[in-house]
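K.L.:
Numbering of the sequence shown is given in the numbering used here, commencing with residue 22 and proceeding in unit increments.
No lab work stands behind these hints: they were computed from the structure. Ideal Cβ positions, reconstructed from N, Cα and C, are used throughout, including at glycine. Where hints are given, some of them may not hold.
To be verified - Listed next, with one range per pair, are the computed distances between beta-carbon atoms: (1) K93 x P23: 25 to 33 Å; (2) Q108 x K80: 19 to 27 Å; (3) A102 x N60: 19 to 27 Å; (4) F45 x K80: 33 to 41 Å; (5) K25 x I112: 29 to 37 Å; (6) Y55 x D104: 29 to 37 Å; (7) I78 x H101: 18 to 26 Å; (8) F45 x P114: 22 to 30 Å; (9) Y105 x K25: 36 to 44 Å; (10) I78 x Y53: 35 to 43 Å; (11) R50 x K107: 34 to 42 Å; (12) Q81 x Y30: 16 to 24 Å; (13) K46 x I91: 30 to 38 Å.
Unchecked claim - Taking lysine-lysine pairs in the DSSO-like style, the calculated list, with each CA pair at most 30 Å apart, reads: (14) K90 x K110; (15) K76 x K93; (16) K51 x K76; (17) K46 x K76; (18) K93 x K107; (19) K51 x K93; (20) K93 x K61; (21) K80 x K25; (22) K110 x K51; (23) K83 x K58.
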Amino acid sequence: APRKTPSQYKYQLTAYVMLAEEAFKTTIRKAYIYYVKSNKLIEITITDHMKNHVKYIIKQIKRILSQEKIPKPAKTRKCHACDYYKQCKQIIPNL
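Please work from the sequences and hints to get the whole structure.
P.N.:
Quick look at the structure:
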């Protein structure tokens with residue numbers, strides 16, 4: 022497991038928590054990330070700030086989809102390791 026849980030993992034977990042809360046009409050304050058390779062279970066406290074950030078990201082995604090404009094990616098070394106690299110490369114040849 023990484024020394025510090027990456028924020029994108031925490032926000033993905035928060036999104037799952039929000040879906041579960043809505044589906045089961047309950048409040049969830051803690052959730053877990055399990056790292057298979059290291060056999061580590063990490064407890065994450067789900068905060069209102071995290072939920073608000075997820076809502077903000079969802080709004081941004083909806084805005085992008087409604088405008089049908091793909092934002093320019095930040096050229097970083099991370100692109101080549103990204104799961105969506107091949108799809109982006111088809112749309113943005115100079116990536």
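K.L.:
Tell me the numbers of any earlier hints that the structure contravenes, in ascending order.
P.N.:
The structure conflicts with hints 4, 6, 8, 9, 10, 19, 20, 22 and 23, although it agrees with all the remaining ones.
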